[in-house]
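**Q** Chain residues, written in single-letter form:
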Amino acid sequence: MLWAEYDPLANRRLAILSPEGQMDEGWRPSELDDEALLHLYDRMVALRQADLLALNLQRAGRMGTYAPTLGQEAANIGSAALLQAEDWLVPSFRETGAMLLKGVSLKLIYLYWMGCEWGSHFPEEVRVLPICAPVSTQTLHGVGLSWAAQLKGENWVTLIYLGDGGTSKGDFHEAMNFAGTFQTPTVFFIQNNQFAISVPRTRQTASATLAQKAIAYGFPGIQVDGNDLMAVYLATREAVARARAGQGPCLIEAQTYRMGPHTTADDPTRYRSEAELKTQERFDPLLRVRLYLENRGLVNPETEATREAQHLKWAQEQAREAEAAISYNPDEIFDYHFAELPPYLAEQKAYCQRFLAAKGESAHGQA
Amino acid sequence: MAKLNMVEALNLALAEEMARDPQIILLGEDVGQLGGVFRVSDGLQAQFGPKRVIDTPLAEAAIVGTSLGLAVGGFKPVAELQFMGFLYPALDQIISHISRYRNRTRGRYSVPLVIRMPYGGGIHAPEHHSESTEALLAHIPGIKVAIPATPYDAKGLLISALRDPDPVIFLEPKRIYRAIREEVPAGEFTVPLGQAQIVRPGDQVTAVAWGSMVRETLRAAEAVAEEGVSVEVIDLRTISPMDDATVVASIQKTGRGVVVHEACRTAGLGAEIIARVNEKAFLSLAAPIERVTGFDTIFPLLKLEEHYLPDAFRISRAIRKVVNF
Ligand SMILES: Cc1ncc(C[n+]2csc(CCOP(=O)(O)OP(=O)(O)O)c2C)c(N)n1
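Protein sequences, first through last, are from chains A and B. The numbering of the first sequence is numbering that gives the first Met the number 0, which starts it at 0 and goes up by one. The numbering of the second sequence is numbering that gives the first Met the number 0, which starts it at 0 and goes up by one.
Keep in mind the hints are simulated off the structure, nothing from the lab. Take these hints with a grain of salt, some might be off.
Claimed, not checked - Simulated pairs of lysine-lysine, DSS-like, Cα-Cα distance not exceeding 27 Å:
id, chain 1, residue 1, chain 2, residue 2
1, B, LYS320, A, LYS348
2, B, LYS320, A, LYS358
3, A, LYS106, B, LYS302
4, B, LYS302, A, LYS312
5, B, LYS252, B, LYS320
6, B, LYS302, A, LYS348
7, A, LYS358, A, LYS348
8, A, LYS106, A, LYS312
Stated by the list, open to error - With beta-carbon atoms standing in for the labels, derived distance ranges:
id, chain 1, residue 1, chain 2, residue 2, range
9, B, GLU226, A, GLU123, 48 to 56 Å
10, B, LYS50, A, ARG11, 29 to 37 Å
11, A, ALA324, B, LYS50, 44 to 52 Å
12, A, ARG353, B, ALA244, 33 to 41 Å
13, A, GLU19, B, ALA1, 51 to 59 Å
14, B, ARG105, A, GLN246, 48 to 56 Å
Where is the CB? At the ideal position from N, CA and C, for every residue including glycine.
Work out the full structure: start from the sequences and follow the hints.
**A** So this is what it looks like as structure tokens:
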């Protein structure tokens, strides 16, 4: 039981893979053989490329505001890797990697941030809720989903993501309380990236850890090095197993670091120094897996150059597909509110069609 | 006199009033070192210190709920909500308490505070960052709701809000935060709450708008002027209490009216304005008043946003329609 040993109140934090890429092999679970590990690493690299491209697309005016995952690749991939097809993933807005792993295409994720509702139209079999902007509101939805599994006698587990800032909202506490009271199969996963826009984690709560908040709600919490793929993986593995076995909810605080801006609209130079960022580069979650794999002869600079190029190409293709999928059809403003279009909306839709047609005819488009 | 945009004018109003009144404190998410995501409080923490310009944990209900206590405790809190889309957790505090305190205690307590937030569409923002739900607020008794449309009014209205003995919600049309620059005097001046302004005189049609729609309406008035149609444009400036006297007087002169808002149509303020005109100037009307509004739909993501927002084209069509009725 990781939870007993890594008691956040005793100031214990789970960390396995060091920034230098060293770890005690005794920690490695049998299913995570070299091939499986390489796969997770590959997903982290894909995520990094997808993120970097998104930033470039935004600068080029091809994408709206985007919330990058830079620096949070281990927290994204190491957690979502544990979910089965039947499980639900409930993202906030910094889970591009987790969503990808759970089967949402990059095309759809890009499409959402490009400003098209079809980006939240996931395939039927993909059990992922849409990206959630109002902070922490999704935590309640996630508890509801896991509660549904319990009431229906289904087996699915729900993995809910939120940020450190999100732990300050009442919604989070109410979600935790429901989960504890009803012992729902829920995993709360906090990506503590140290910032809520400009506000540092220390300003969100006087609690020494975020993990310990679980204890007040009657279930276990654990703090892990969120830049450590192995620690994230193992904690989530146990959390998901507990939930699936009917042992109730738990909370994982992944201590990571947001290496990019809050979103493309943010200017982090106003509140954090270059020096701080430089220090953090040493703890880059990608770097340490790569060093580990290099030491084992599984990757080398050549394979990695190829891998990055391949993933960048994939991301570029997904971006092009997303752009091709953007719908500019104004009828869609009206068509999806109800199963059936009510008369008052039909009237407004017709009005919209009329003025757009007139606009098209008018010489200047204006007046 | 300096030419300022709305962000700078708001910043100046806060700085001057904070220097004048030591009870004024600012609180909200990212208002300190960052100066707010739109920089309205830029430099204020450096000037007034972290005890008066306070970065809070991320919790709107708490920001607004504790503001009530701070106000009763002797402060004049200015709570910033980062976007109107994140106002809703605080509505409980506003509806259940802030709006009611004076009345239910028969004046023993009052809650003099200001809750500021950017609102409205037109900047290609992400989901939940573009709505205009001012009608929800106008529906609540016991609070005032101001919406400036120019930098000058932004400063003057905010100073009035800060000096008001009652709770004022201050909605800032973020689309024109930086779009308009005009002369804004340094030092004290106020624009009274509850007073609309005729921003363009005319005698054939009355057009009523607020926030960023004032600019669109002025553009439409300009366009139809070329066709010989004279439009009087009224900027409401405060939606609650609403200065219907100015609107009614104008309608009595023109006999025709158009109301413009980017908020949804149904139960929007357009309906309220038309009802008041019907009550007070029905016999002056030569045509039914037209509404140009957002649709009764969720605000679309940015690729379809332009079709949702009323623009000069739609407004001028409505003006022609009431003229040709
Ligand atoms: C209820 C609510 N308030 C404010 C915002 C504006 N906002 C967006 S993200 C954010 C900070 C979130 O910080 P955190 O939860 O730590 O997640 P991170 O962005 O760091 O991943 C804020 C204040 C919001 N989206 N929702």
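**Q** For a quick check of understanding: which of the numbered hints are violated here, in increasing order?
**A** Hints that this structure does not satisfy do not exist here, as all of them hold.
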